[in-house]
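Taken in sequence, the protein lines are chains V and D.
Count the first sequence with numbering that gives the first Met the number 0 and you get residues 0 to 299, in order.
Count the second sequence with numbering that gives the first Met the number 0 and you get residues 0 to 299, in order.
Just to be clear, a hint being listed does not mean it is correct.
[Claimed, not checked] Label pairs and their calculated CB-CB ranges:
id, chain 1, residue 1, chain 2, residue 2, range
1, D, Glu237, V, Lys293, 16 to 22 Å
2, D, Leu220, V, Lys293, 55 to 61 Å
3, V, Pro286, D, Glu237, 46 to 52 Å
4, D, Leu220, V, Gln277, 48 to 54 Å
5, V, Ser118, D, Asn227, 38 to 44 Å
6, D, Lys82, V, Lys45, 34 to 40 Å
7, D, Lys17, V, Asp81, 37 to 43 Å
8, V, Gly16, D, Glu287, 25 to 31 Å
9, D, Lys293, V, Gly188, 55 to 61 Å
[Said to hold, decoys possible] Here are the simulated lysine to aspartate or glutamate pairs, DMTMM-like style, with alpha carbons at most 20 Å apart:
id, chain 1, residue 1, chain 2, residue 2
10, D, Lys75, V, Asp115
11, V, Lys8, V, Asp23
12, V, Lys68, V, Glu237
13, V, Lys109, V, Glu69
14, V, Lys75, D, Asp219
15, V, Lys45, V, Glu88
[As the list claims (entries may be wrong)] Far from chain D, by Cβ distances over 10 Å, these chain V residues were calculated:
id, residue
16, Phe57
17, Gly188
18, Ser252
These are computed hints drawn from the structure, not numbers from a lab.
We treat Cβ as the ideally placed atom computed from N, Cα and C, and that holds for glycine.
Protein chains: 2
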Amino acid sequence: MTLNYIDNKDLYPSRKGKPPKIYDRIDPVVYSNDSESPISSQLIKKYKKNGYLKIDNFFSPEEITSYQKELEYLLKADYVVDKEKIIREPNSHEIRSIFQIHQISKVYKKLSKHKDLLSLVKFLLNDNIYIFQSRLNFKPGFRGKEFYWHSDFETWHVEDGMPSMRAVSISIPLTTNTYENGPLMFIPGSHKKFISCQGFTPINHFRRSLKQQNFGVPDDLHLSELINQNGIESMICEPGCLILFDCNTIHGSNSNISSFSRSNIFIVYNSIKNKVSQPYSGQSPRPEYICTRKKIEPII
Amino acid sequence: MTLNYIDNKDLYPSRKGKPPKIYDRIDPVVYSNDSESPISSQLIKKYKKNGYLKIDNFFSPEEITSYQKELEYLLKADYVVDKEKIIREPNSHEIRSIFQIHQISKVYKKLSKHKDLLSLVKFLLNDNIYIFQSRLNFKPGFRGKEFYWHSDFETWHVEDGMPSMRAVSISIPLTTNTYENGPLMFIPGSHKKFISCQGFTPINHFRRSLKQQNFGVPDDLHLSELINQNGIESMICEPGCLILFDCNTIHGSNSNISSFSRSNIFIVYNSIKNKVSQPYSGQSPRPEYICTRKKIEPII
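All chains, full assembly: derive it from the sequences and hints.
Have a look at this one:
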């Protein structure tokens with residue numbers, strides 16, 4: 000297996016002021032041999048093909064209840080959280096995200112080391128891993144706004160300096176995700192391509208982009224191509240389910256005018272060999288609570 | 000059957016600066032006897048219960064093709080339409096709605112007099128009817144924004160002076176409506192209640208409300224009550240289908256980040272006995288292209 004991320008070479012140039020372009024992915028999707036998988040080979044095949052996987056009833060009802068209670072606690076007692084780590088909706092005071100939850104909360108710290116979860120993530124990345132980012136996403140009823148289509152990797156590469164595609168995200172729904180409350184949507188197979196985005200990165204872009212993303216978003220033409228080829232899949236699920244997805248899978252969600260909030264835990268595991276260097280945008284690094292850079296604690 | 004709209008009495012007060020309140024509907028939902036129905040009594044029962052009805056394959060493929068072609072023509076040749084009648088998205092130049100399409104287009108004029116359609120509408124309203132409003136709604140892919148929950152009647156009552164609930168809307172999808180492209184959503188049974196909204200009506204409110212509605216929207220508490228009791232239903236359908244709904248049924252739609260646009264024709268038929276008087280807001284009437292007031296042409 001080739002390691003592509005030596006010498007800080009930019010293997011996935013984006014936002015360099017050039018027209019948008021689509022590249023093939025250079026990196027593997029699964030870094031271990033299939034024979035070592037802790038889940039069935041059918042599921043791994045599906046993950047490789049689509050770039051994401053939904054596993055129902057992964058967590059026990061007791062585990063989910065403890066995660067839900069912790070969410071309620073954090074939302075009500077938001078004064079216990081460093082203000083900077085709380086992102087609010089673009090047009091209201093309502094909470095959209097809380098960052099670094101594995102540091103803030105003992106319950107979520109324990110979750111981040113969940114045995115079955117780690118065994119799966121380690122299989123996918125085949126390396127020692129650390130938590131690159133963690134957050135609680137809260138899409139309130141009535142006024143929850145959309146998250147536009149994006150590849151997380153594009154942002155982490157350009158704005159944080161993540162060299163290669165060797166990171167996995169997990170999303171754990173804490174409320175029922177229906178078609179009506181703006182569920183997570185994926186473009187299957189989009190992880191095999193990299194859309195180089197147009198434009199540049201505004202300074203301190205993250206302060207706005209966490210509310211509403213305007214840069215680092217794929218262009219209409221390439222997005223249409225991917226959607227026409229592969230369609231869109233909505234992640235309709237009940238609490239207890241685990242959603243795993245590759246760092247480069249294009250995802251987004253529509254607004255939520257239903258009365259039902261859509262909350263989920265989001266943790267990103269990165270390979271130790273893939274830790275961030277200088278941002279490829281050439282700008283200053285984003286804060287530690289968004290991108291673990293200094294305090295890397297490997298999860299063995 | 001009592002006629003409630005004599006003497007311009009305000010039977011459904013709203014936006015009078017008082018706290019929000021929920022009332023029972025005073026008016027009938029279906030004004031004819033069931034025995035006169037041109038469709039099955041099961042369907043009429045459903046309409047009475049839910050406040051809306053979806054009838055698949057109501058229009059022939061040829062009819063739908065002609066409506067779609069006319070849409071393409073109007074979108075491309077928007078210079079043929081009086082600028083005032085074109086409403087654009089809040090943050091872009093893209094078209095959101097074109098008003099008075101039954102006047103602008105021969106194809107849509109013919110559609111507005113479609114025999115089977117009129118027989119159904121006349122049955123529901125049991126009176127001579129006229130077109131109160133018509134429009135083309137175009138929710139573009141990627142950037143189509145949500146339409147927040149509302150009762151059309153609340154707006155037509157307060158801002159136009161429509162006395163009673165004796166109007167029916169029809170929506171004709173011109174593109175496939177999926178869960179991903181922001182389909183029309185209804186709260187079943189909501190037509191039996193009237194939510195009196197808080198606040199007042201800003202002057203010339205319509206100029207903004209047609210882009211994004213901020214006044215005349217139901218409050219969270221009463222909306223939650225209705226949704227908890229009745230749920231939400233998304234209108235997933237193919238072109239050819241007809242959606243009929245009572246003027247007071249609460250509806251809305253989420254944003255559309257999919258690549259697929261969601262377009263539909265929207266026509267409102269009103270009973271001649273229910274024609275508008277002075278707006279109950281006490282303000283000036285809205286323009287004729289939004290609310291037919293002067294040029295009432297009964298469809299016999």
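Status of the hints after comparison with the structure:
1. D:Glu237 / V:Lys293: 16 to 22 Å: violated (55 Å)
2. D:Leu220 / V:Lys293: 55 to 61 Å: Cβ of Leu220 (chain D) to Cβ of Lys293 (chain V): about 46 Å, so the range 55 to 61 Å is violated.
3. V:Pro286 / D:Glu237: 46 to 52 Å: The hint (46 to 52 Å, Cβ to Cβ) holds, given that Pro286 (chain V) and Glu237 (chain D) are roughly 48 Å apart.
4. D:Leu220 / V:Gln277: 48 to 54 Å: Once the Cβ atoms are compared, 51 Å apart, the range 48 to 54 Å for Gln277 (chain V) and Leu220 (chain D) holds.
5. V:Ser118 / D:Asn227: 38 to 44 Å: Holds, at about 40 Å.
6. D:Lys82 / V:Lys45: 34 to 40 Å: This hint is violated: roughly 51 Å between Cβ atoms.
7. D:Lys17 / V:Asp81: 37 to 43 Å: holds (41 Å)
8. V:Gly16 / D:Glu287: 25 to 31 Å: At 49 Å between Cβs, range violated.
9. D:Lys293 / V:Gly188: 55 to 61 Å: holds (56 Å)
10. D:Lys75 / V:Asp115: violated (55 Å)
11. V:Lys8 / V:Asp23: Roughly 17 Å separates the two Cα atoms, so the pair holds.
12. V:Lys68 / V:Glu237: holds (16 Å)
13. V:Lys109 / V:Glu69: The hint holds at about 12 Å.
14. V:Lys75 / D:Asp219: holds (19 Å)
15. V:Lys45 / V:Glu88: violated (34 Å)
16. Phe57: The claim stands: Phe57 (chain V) keeps its Cβ more than 10 Å from every Cβ of chain D (closest is about 24 Å).
17. Gly188: The assertion about Gly188 (chain V) holds, with a minimum of 15 Å to chain D.
18. Ser252: violated (8 Å)
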